[in-house]
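If you read the sequences in order, they're chains V and U.
Numbering-wise, my numbering comes out as the position in the first sequence, counting from 1, plus 1.
Numbering-wise, my numbering comes out as the position in the second sequence, counting from 1, plus 1.
Hints listed in this document are in silico derivations from the structure and should not be mistaken for laboratory results.
Where a beta carbon is used, it is the ideal one built from N, C-alpha and C, also for glycine.
Any given hint could be a false lead.
Derived CB-CB ranges, DEER-like [claimed, not checked]:
no. : chain 1 : residue 1 : chain 2 : residue 2 : range
1   : V       : E27       : U       : D62       : 24 to 32 Å
2   : V       : E335      : U       : A189      : 35 to 43 Å
3   : U       : E335      : V       : A84       : 23 to 31 Å
4   : U       : S339      : V       : D117      : 41 to 49 Å
Number of protein chains: 2
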Amino acid sequence: MTDTQAPSASLAEIRSMLAALPGPGEGARAAAAAREARLVKPAGALGRLEELSSWMAAWQDRHPPRLRRPRVAVFAGNHGVAARGVSAYPAEVTRQMVANFVSGGAAVNQVCRSVDADLRVYELSLEAPTADFVAGPAMDDGECARAMAYGMMAVEQGIDLIALGEMGIANTTSASALCLALFGGEAADWTGPGTGVAGDRLARKREAVAAGAALHAGSGDGLELLRRLGGFEFAAIAGAVVAARFARVPVLLDGFAATAAAAALLRVDPGLLDHCQIAHLSAEPAHARLCAAIGKRPLLDLGMRLGEASGAALAVGVVRAAVECHAGMASFDEAGVSGPA
Amino acid sequence: MTDTQAPSASLAEIRSMLAALPGPGEGARAAAAAREARLVKPAGALGRLEELSSWMAAWQDRHPPRLRRPRVAVFAGNHGVAARGVSAYPAEVTRQMVANFVSGGAAVNQVCRSVDADLRVYELSLEAPTADFVAGPAMDDGECARAMAYGMMAVEQGIDLIALGEMGIANTTSASALCLALFGGEAADWTGPGTGVAGDRLARKREAVAAGAALHAGSGDGLELLRRLGGFEFAAIAGAVVAARFARVPVLLDGFAATAAAAALLRVDPGLLDHCQIAHLSAEPAHARLCAAIGKRPLLDLGMRLGEASGAALAVGVVRAAVECHAGMASFDEAGVSGPA
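Okay, chain V solo, but in the shape it has when bound (with noise of 0.2 Å):
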């Protein structure tokens, strides 16, 4: 890792932590349903903003819920398969735009201003690549899990929001690969233009797709298939997954390649996403199935594509709302309004 104490970790220590998460706050969730009831609206008129207040209250396990210091974590990696010629962009791109989140030009940083939330930029070995899934695993055990604890360090204490993002040259073909390993179908089915590939060059992105998933499905659960088809980037958004449901911080996960990541764990334990939400419907074509095969409905449909947590961040502005809504709408009783007839 880069600009890091890489962590010493093992997925087999990792598992472990998986075998004991913590459930809900039923008590939180059970003081905002009785507060909601309260408040001075027609009942469920606030729609998907009274589910995020629940949410937030029954993950962060505190009623009201708050949300002063949101956080955007973007990761950066590089892929091995970026070497095939799958992305419009040249690999090198993945360092010039980290440059550019810390300078402040990129989109992330105006969203992250327009809703006042903070952004942390992660660079994971950039300079060394994962390896090319095609040809093998794309990264080994003490990889994966590093990278894994690096994400779980995003997750700082007072923290309590965490949007998670990435940027990598071809991680989108690494996405559509996993997504194929774990769910089934064809590799049509999960791979699209990514930042915008087409003709030959979609092609050769579409055999990747298949070809790794051929060689690594089947091969072990959910982080032995983040190991040999994600890329650095995927398993640091799996750590941070894992450490925010620990730290009690709800996750807003960007588009495709972020979910993908997160949808590895899954595999581990159908419930390890419960306290996630998709921010944003990417239009990716690949991340409105992926959301279905997960059964989750994003909250935002903008048509956005970009990545690095743009969408996510978005959507900090959405769970904002919801929360304040839930703490600071008066009752019927203080309002002096007439309930319905």
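Once you've looked at the hints, dock chain U against the given chain V.
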């Protein structure tokens, strides 16, 4: 009108205004397109955020577009048709909710705080509801024109986006009748639960919608239908839409009632809502039908059905993110990022 110097106006004067509507700023729109193409992201990757920054530039006639002073305006009115028992709530709730807006206890207060928007509440003659549209026109010419002129006053100088919503017990009945008269179909197509009516009450609501539309449809242009079937808050919203066009202030329309009020203007000029976006898709079923009828796709779909501009206020945050991305992102050259291979 309460609490205001009622401006004197006639619908004929307003019709003459509508003959000279300003169009989009084509120079600003072209400048936005040129800048967008250089920003450091794959073309189109910000989806509707790109559409929104272009739309803001065109209708503000300014590049880059600006969002420093968004206003959320809620218009409140009472309806004679409420006496037919078409709502789940008694008519006095309109005034009670206005008091709640003023004291800060409503959902829209919390949403406005969360998106840093200014909230103004305009009450229109709550002690003297419109006439029952089943028996005759809801408003006379002067009443409708004065309500429109009052709505125009919400578009004050310096505002750079306005979100329009309403409060008015029984006003989905009025919206349904107006839509039926404007777009045809059956009363059942346009009539839904509103604040939560069902059974006998829903049947009464549907009957009022059918009877009102039968009495008034075909009686004249959109302003005439607005006068006959709308309410004071509908006329005020239509007035604000018109004033915003002249003041170069883009508009976000809230749910079913606000969209219905604005839709009446399309019967005067089919381009009259080009400076408006539908902020969110209401869970009131007729809203989807109405959006399809006027060819607009809502920005958000969060199952909200509260009115009071709560969904429109939430969308202010989306527009802000769009404007900030457009203005603040680096170009490929500035960021030193390689373009597509």
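Against the structure, the hints come out as follows:
{"no.": "1", "hint": "E27(V) - D62(U): 24 to 32 Å", "verdict": "54 Å, violated"}
{"no.": "2", "hint": "E335(V) - A189(U): 35 to 43 Å", "verdict": "38 Å, holds"}
{"no.": "3", "hint": "E335(U) - A84(V): 23 to 31 Å", "verdict": "28 Å, holds"}
{"no.": "4", "hint": "S339(U) - D117(V): 41 to 49 Å", "verdict": "32 Å, violated"}
In this structure, the earlier hints numbered 1 and 4 are contradicted, and the remaining ones agree with it.
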